[in-house]
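2 protein chains.
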Amino acid sequence: MQIASRLTVAVHVLVCIELFKPDHKITSDFLASSVNANPVVIRRLLQQLKAAGIVRVLRGTGGADTARPASEITLLDIYRAVECVEGGELFHFHENPNPLCPVGKHIHTVLGGRLAQIQRELEHAMEAVTIQDILADMQAQIGQ
Amino acid sequence: MQIASRLTVAVHVLVCIELFKPDHKITSDFLASSVNANPVVIRRLLQQLKAAGIVRVLRGTGGADTARPASEITLLDIYRAVECVEGGELFHFHENPNPLCPVGKHIHTVLGGRLAQIQRELEHAMEAVTIQDILADMQAQIGQ
DNA sequence: TTTTGATGTAACTATTGACATTACAACAAC
DNA sequence: GTTGTTGTAATGTCAATAGTTACATCAAAA
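If you're matching them up, the sequences are chains A and B in order. Residue numbering for the first sequence follows the numbering used here, starting at 1 and increasing by one per position. Residue numbering for the second sequence follows the numbering used here, starting at 1001 and increasing by one per position.
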């Protein structure tokens, strides 16, 4: 299956924050208009990012900001913050294989180890990209 | 999100075929009993694997077998066979970002390139594991 | 040639997860 | 207090996955 669009929306939001915070107050309405989504969806996303220590959100007066420099926010940080997968497992196992069959009995142990290694490699690749990198690419694109 | 369990079921099925084909006729009922799923689900899965040239299925008399050696079937082959994702894209983009916002206008181009690279690394990791590897692990487990 | 046992596939249902939407209480600054 | 915003619950919609039933199709054996 696919990784839900929450990751790309979260990156979109963080890039907007970094790019526009000198000129605009960053409200959920403002972000929702750029993403083209419902403000409530953005607020929920911001809550997840806030719980992970990635952003700060001001309640009464309104406005969101990053909680640390863009160069210290990796795609893996964001992925872990917004993809609320049970146990952080990328691959989903079929439940209840037949324990009377030797394959059914051991498939989880055997395949699980291999899939965990593959997931580690994916996470390693995600860790190598920061919001700062995306921001630089974005500014280059806008400059053209 | 998660990757659907079809990948793990497919691996389970292929390991069963390799392990039991000397002693049993491999029917969808036999496989369904080990996986603990409905035979129709297994048949649909076998159709996908067959379309990818991974297995052969005999119609009248019944029975499935691998179409090539286990050492030449990688997790990536299986993943591509059973995960019918549009364009094979692991990461799912939010549709319709606001083109009037510079971030909305360029997010797909900018982020897409980075995500494609990450996906390539995932696929590289999946390509490194074959059914033969899983089978060896399985036999070691069973031997204990 | 008929029987047998399996596959291939359509149709329908149930379940789940993501997301949209509405509504409103809680809150901070003016 | 007024105002504009966030935090969050409740509900609806949609797509994907998978379970289930039913049956036509098929190949081989009797």
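Rather than coming from a laboratory, the hints here were simulated on the basis of the structure. Keep in mind that this is a model prediction, so the values were computed, not measured. Glycine included, C-beta positions come from ideal geometry on N, C-alpha and C. A portion of the hints provided could be inaccurate.
[As the list claims (entries may be wrong)] Under 10 angstroms between C-beta atoms, here's a sample of chain B residues computed to sit facing chain A: (1) 1108; (2) 1112; (3) 1141.
[Said to hold, decoys possible] A few chain B positions that, by computed beta-carbon distances, are all more than 12 angstroms from chain A: (4) 1007; (5) 1010; (6) 1047; (7) 1060; (8) 1068; (9) 1077; (10) 1105; (11) 1117; (12) 1128; (13) 1138.
Going through the numbered hints above, which ones does this structure break? Give me the numbers in ascending order. Numbers 4, 5, 10, 11, 12, 13 - these are the hints that the structure violates, sorted from lowest upward.
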